[in-house]
Amino acid sequence: QKEVEQDPGPLSVPEGAIVSLNCTYSNSAFQYFMWYRQYSRKGPELLMYTYSSGNKEDGRFTAQVDKSSKYISLFIRDSQPSDSATYLCAMSATKGTYKYIFGTGTRLKVLA
Amino acid sequence: DVKVTQSSRYLVKRTGEKVFLECVQDMDHENMFWYRQDPGLGLRLIYFSYDVKMKEKGDIPEGYSVSREKKERFSLILESASTNQTSMYLCASSTGGETQYFGPGTRLLVL
Chain A
1 QKEVEQDPGP
11 LSVPEGAIVS
21 LNCTYSNSAF
31 QYFMWYRQYS
41 RKGPELLMYT
51 YSSGNKEDGR
61 FTAQVDKSSK
71 YISLFIRDSQ
81 PSDSATYLCA
91 MSATKGTYKY
101 IFGTGTRLKV
111 LA
Chain B
1001 DVKVTQSSRY
1011 LVKRTGEKVF
1021 LECVQDMDHE
1031 NMFWYRQDPG
1041 LGLRLIYFSY
1051 DVKMKEKGDI
1061 PEGYSVSREK
1071 KERFSLILES
1081 ASTNQTSMYL
1091 CASSTGGETQ
1101 YFGPGTRLLV
1111 L
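Line by line, the protein sequences give chains A and B.
For the first sequence, this note's numbering gives the first residue as 1, with consecutive numbering after it.
For the second sequence, this note's numbering gives the first residue as 1001, with consecutive numbering after it.
Bear in mind the hints are in silico, worked out from the structure with no lab data behind them.
Don't take every hint at face value.
[Claimed, not checked] Distance condition first, Cα-Cα at most 30 Å in a straight line; then the derived DSSO-like pairs of lysine-lysine:
| no. | chain 1 | residue 1 | chain 2 | residue 2 |
| --- | --- | --- | --- | --- |
| 1 | B | 1003 | A | 109 |
| 2 | B | 1018 | A | 56 |
| 3 | B | 1013 | B | 1003 |
| 4 | A | 67 | A | 99 |
| 5 | B | 1055 | A | 56 |
| 6 | B | 1070 | A | 42 |
| 7 | B | 1018 | A | 95 |
| 8 | B | 1057 | B | 1018 |
| 9 | A | 95 | B | 1013 |
| 10 | B | 1070 | B | 1057 |
| 11 | B | 1070 | A | 95 |
| 12 | A | 56 | B | 1057 |
| 13 | A | 109 | B | 1055 |
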C-alpha cells in the first residue's frame, strides 16, 4: 500500500463548479500537509500549507485536514478554466524534515 | 518571491553520455532537492542537500550523483545516461523543512 493515495482523474467540471480533490494517507505521524498545482510541462507551485487538523482558506481555495480519518481535501470554489492543472498533495511528519511524501496527482479540467 | 531556476527545459542525450543538470535558487535556502517525476509514480526523491558540500541519498539515488559547492547551486549528474533515466527532473529548495519551492523542470530524453 502506498503511503499516500490520490485519484489520478481526470476530473472534468463545468466552469463555476465547486471542486473537491482528496488524498488519503496511512502514516499517522504526518503533521504537515501541502497542496501543489502543476500546469502542463511546468514545475509544481505551492498552493496551500496546513499544519495538523482543521481548515485553511485562501481566496477560492480551502484546505481541510482530518487526521482522525487520515484524509485531506482541497476545495476550489467558482472554478475557472485557468484552474485546469494537476494537483499534488504532499505531506511530512516532522518540521525540518527532508522527507516529503507526494501523491501522484489528480488531473483537473475546468470546462468553459 | 522564491525563484528556483534550472539550466535547461529540454535535453536530448545519448545512452552512455554524462549529463549535468543545474539548479540555482535565489532565496538563501539551506535545503535543496532533486526529484524525478514519472507518470503514475509521482515525485521520487533522488538526492537532497542540507548545506554546502553536504548531501543525503533519497529513495532512488542509483545512477545519479550530486554536487553542491555553493549554497545557491545544486547539480545533478547522470554519470552514464540510460534510457530508463528519461524523465522530468525537478529541483526544489526549502528553508526550515516546511514547504518546498520548485523549479520549472527539465525534460530529459535519453536515446
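Against the structure, the hints come out as follows:
no.: 1; hint: 1003/B with 109/A; result: holds, 27 Å
no.: 2; hint: 1018/B with 56/A; result: violated, 45 Å
no.: 3; hint: 1013/B with 1003/B; result: holds, 27 Å
no.: 4; hint: 67/A with 99/A; result: holds, 19 Å
no.: 5; hint: 1055/B with 56/A; result: violated, 34 Å
no.: 6; hint: 1070/B with 42/A; result: holds, 25 Å
no.: 7; hint: 1018/B with 95/A; result: violated, 36 Å
no.: 8; hint: 1057/B with 1018/B; result: holds, 20 Å
no.: 9; hint: 95/A with 1013/B; result: violated, 38 Å
no.: 10; hint: 1070/B with 1057/B; result: holds, 19 Å
no.: 11; hint: 1070/B with 95/A; result: holds, 24 Å
no.: 12; hint: 56/A with 1057/B; result: violated, 33 Å
no.: 13; hint: 109/A with 1055/B; result: violated, 39 Å
Hints 2, 5, 7, 9, 12, 13, counting from the list given before, are not met by this structure.
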